[in-house]
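> Listed below, chain by chain, are the residues.
6 protein chains.
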Amino acid sequence: MTQQFPNAGESRLERGRRALAEIDGEAGHKVVAALADIAPDFATYVLEFPFGDIYSRQGLGLREREIATIAALAALGNAAPQLKVHIEAGLNVGLAREEIVEILIQMAVYAGFPAALNGLFAAKEVFAQRAEA
Amino acid sequence: MTQQFPNAGESRLERGRRALAEIDGEAGHKVVAALADIAPDFATYVLEFPFGDIYSRQGLGLREREIATIAALAALGNAAPQLKVHIEAGLNVGLAREEIVEILIQMAVYAGFPAALNGLFAAKEVFAQRAEA
Amino acid sequence: MTQQFPNAGESRLERGRRALAEIDGEAGHKVVAALADIAPDFATYVLEFPFGDIYSRQGLGLREREIATIAALAALGNAAPQLKVHIEAGLNVGLAREEIVEILIQMAVYAGFPAALNGLFAAKEVFAQRAEA
Amino acid sequence: MTQQFPNAGESRLERGRRALAEIDGEAGHKVVAALADIAPDFATYVLEFPFGDIYSRQGLGLREREIATIAALAALGNAAPQLKVHIEAGLNVGLAREEIVEILIQMAVYAGFPAALNGLFAAKEVFAQRAEA
Amino acid sequence: MTQQFPNAGESRLERGRRALAEIDGEAGHKVVAALADIAPDFATYVLEFPFGDIYSRQGLGLREREIATIAALAALGNAAPQLKVHIEAGLNVGLAREEIVEILIQMAVYAGFPAALNGLFAAKEVFAQRAEA
Amino acid sequence: MTQQFPNAGESRLERGRRALAEIDGEAGHKVVAALADIAPDFATYVLEFPFGDIYSRQGLGLREREIATIAALAALGNAAPQLKVHIEAGLNVGLAREEIVEILIQMAVYAGFPAALNGLFAAKEVFAQRAEA
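Chains as they are written, first to last, in full-length UniProt numbering: chain A, 1 to 133; chain B, 1 to 133; chain C, 1 to 133; chain D, 1 to 133; chain E, 1 to 133; chain F, 1 to 133.
By construction, these hints were calculated from the structure, which means they are not laboratory data. Don't take each hint at face value.
All copies of an identical chain are treated as equivalent in the list; a pair is satisfied when it fits inside any one copy or across any two copies.
[Said to hold, decoys possible] List of simulated lysine-lysine pairs, BS3-like, C-alpha gap at most 25 Å:
| id | residue 1 | residue 2 |
| --- | --- | --- |
| 1 | Lys30 | Lys124 |
| 2 | Lys84 | Lys124 |
| 3 | Lys84 | Lys30 |
The task is simple: from the sequences and hints, build the whole structure.
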C-alpha cells in the first residue's frame, strides 16, 4: 500500500496527472485530450478528483482499487469505453489477466450473465490489442 | 490464494454450504432459511452456483472477491440487504473497516455520490451492529 | 387473448379504469387515490396510457403481459412497491404462485442473484398478505 | 409445459447443451464458442446454470420464460447483444413477432420510451436478418 | 412558459406532431418514421403521450423540460441515441451549448464520471454535426 | 445566473460549505454530520466537489441545476434519500412545487411510470413535512 502518490508540494492537478499516467497510461491521456474542446474544465476535474483525490488516497492499494472499479463498471454495464480503460489499468497496476477474468465471471452472480459476458468480451478485446502492441 | 474450498469428494451443494458459512456467516444462513417456504430450489442454487462454483474458484482470493462484490452492489444501488451481507462478509474474510470505507468512497467516481453515501451509511450500520455483538 | 377491454363507445380513461380494476384491483385503486392531492393529472395518465392504451391492446394476453411486467420490475430492482402490485396483479389475471416464483428465480440469470432474492421476498410478502385476507 | 428437458441420465452440462441448442440455436452456440479462449469455464457455467438448471425447470413454459427474458433485457437496456439473442430465442420457442413487439411496447410503461424504442429497433434488425436467411 | 401547444380543436396526435416537430425537429421525425414497419402504433403513442400530453403541459417551460430530459438520459446511460436527439432538442428550444455542457458535467456527481464523459462525448458529436449542417 | 458562489479568497471547502448551506439547507448539513464518524474525508469531498466545484460554476443557474438533479435522481430510482434532499433543495433555490411535480411526471416518459410514481410520492412527503414546519 505504498504505491500511492504522496508529494506534499504538488497540487491536486499535478498529483492527478501523475496518477492518471501510472494507472490509465495512454488510454487515460486520450480521454483527457478528447475533452479539450468540449469541456476542458471537466478534464481538470477528472485529473483532480478521481486521480488527484481518490486514487491517491491511502488505505487501499491500486490493485484493490482497480478490482473495485472493474467490478463496478462491469456490473453497471452502461460504460463500455471506461470498462476497457480500467481493464487496461488493472493490467498496468499488476492484476493478472486471470484475476480480471475472475472478477468479470463473478459479476454474473451480482449483475447477471449478460453483464459478465459483455465484460468478458471487453477483456478479450483489450487483451488482444495488448498482444498486438 | 489458498483459502478456496477444494475437496474432490464433496458435491457443489456441500462445498457451497461450507463456503457460505465461512464467507457470509450467520447472515448468509438467514437468507437461505428465509427462502425455505417460498423457493427452496433457489436456496439450493444460491449455495451451488455463487458459493459452490464461483467463490470456490481459484485465481482470485476471497478478499479480492469481496472487494469486487461490495463495489458492484454499492454501484448498482438497488440491493441494500445484499450490500450489508457482503460488507459483513468482507470483514469475515479479512478486509479492514478502512478498506471497505475506501471501496465505498471510490464508488462516488463510478456510480455517483448518492451511491457512495448510501454504501457508507450501510457500512455504518453493519459496523455498529458488529460492535454491539 | 380475448380478455382485453374493447368497447368502441368508451373513452381511454373509462377503459383504463375498467382495466385497472380487473388487473391491479384494490392496490391499483390505492395508487390512483394517493396521487389525488399531489398530481391528479398523473393519476389520469396512469389510467389512460398503461391501462387504457397498453393493457387494453390485443396481440398479447393479460397473463403474458403480467409475466413481462413482473420480470421487468424485478430486473430493474428499483421499484419495490410496483413489483408487489404486479405480483398481486399476476395472481389476479391467472398466474399461479409457482409461475410467479419461476419468473423471479429466472431473473437471477439476467439481473443477478440479489434481484431474484429481493423479488422472491416481495412475493413471499404478497402471498402471505393474500393468505390472511 | 412439457417442452422442458428431462433426462435422468444426463449431466447439467449435457442438458444445458440440449436446451441452448433448442432455445438460442446458432446465436447461443456462437456465444459459447466466443468464450473458448478468454473464459472457457464461464462457457460451461452458461450451459449449466441458465440452461441446464433454469430453463430446464418445470413450472413455467419456454414461451413464458422468453417473455420474461425479453422484458427484463429490454427494461435493463444495457445488454443489447443478449436482447437480440433472446428475441431470436422467442421466435424459436413459438412467440409470434406480434407478441414480441407487444412485450417491447409495454416496456415503455415500466422502463421508459427509450428502452421500448431501442428494444423495437433490435427486434426490427432480428426480424430482417431472419427474413434474409 | 407560453411556448406550449394549446389548441382546443386538435387531437392529442395532432398536438403531439406539432410539438415533436418544434422540439426534436428532423431527428424526431426519423424516429417516428423508423417505427412505421415494426410498430406503427408505438409511433402514434410516441406522438400522443410524450409530445401530445407531457411536453404540451403547462407548468414547466420547454427549456426546463429539456434540461430534465438531458439529465435523466445522461444519468441512465443506456439510451445513447435518445440522448443525442435531446441534446439537439435542447438546442432547438433555446439551451446554449454551454448550458448543455454544464448539465452533463453535473451528472458526474449523481451518476458517476463515466456517465458524464459519455454524455459529453455525445454532445461533442451533436455539436459537430450541427456545425457541418 | 448570478446566484453562484464566487469569492476569490476562499478555499473549495469554504465555498462548498456556503453553497451547501444555501442549496440543501438543514438536510445537507445532516448528511455531512452523519459522515463524521464513518468517513470524515468523504464529508469533505461532498463539500468540495459537488458544492465547492460544480454547483459554484457559472454557465447554469441553481434553479436549472436542481431541475437536472431532481430529474436524474428520480430516473435512476435508487437514491431515495438524496432525491428528497434535492426536492427540498429545489424549493430552496426557487422552484415552485408545480414545477417539481412537472419534472417528476415527465420522468414517466424516460424512466417509466414506477420511477415517476416513486418520485411523486417522495415529493408528497417533502411538501407535507415542509407544511408542518
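> Each hint needs a verdict: does it hold in this structure or not?
Hint check results:
With identical chains, the CA atoms of Lys30 and Lys124 are at most 25 Å apart both within one copy (21 Å) and between copies (15 Å). Taking the shortest Cα distances, Lys84 and Lys124 sit within 25 Å of each other both inside one copy (10 Å) and across copies (21 Å). In this assembly of identical chains, the alpha carbons of Lys84 and Lys30 lie at most 25 Å apart whether taken from the same copy (13 Å) or from different copies (22 Å).
Violated hints for the displayed structure: none, as all numbered hints are satisfied.
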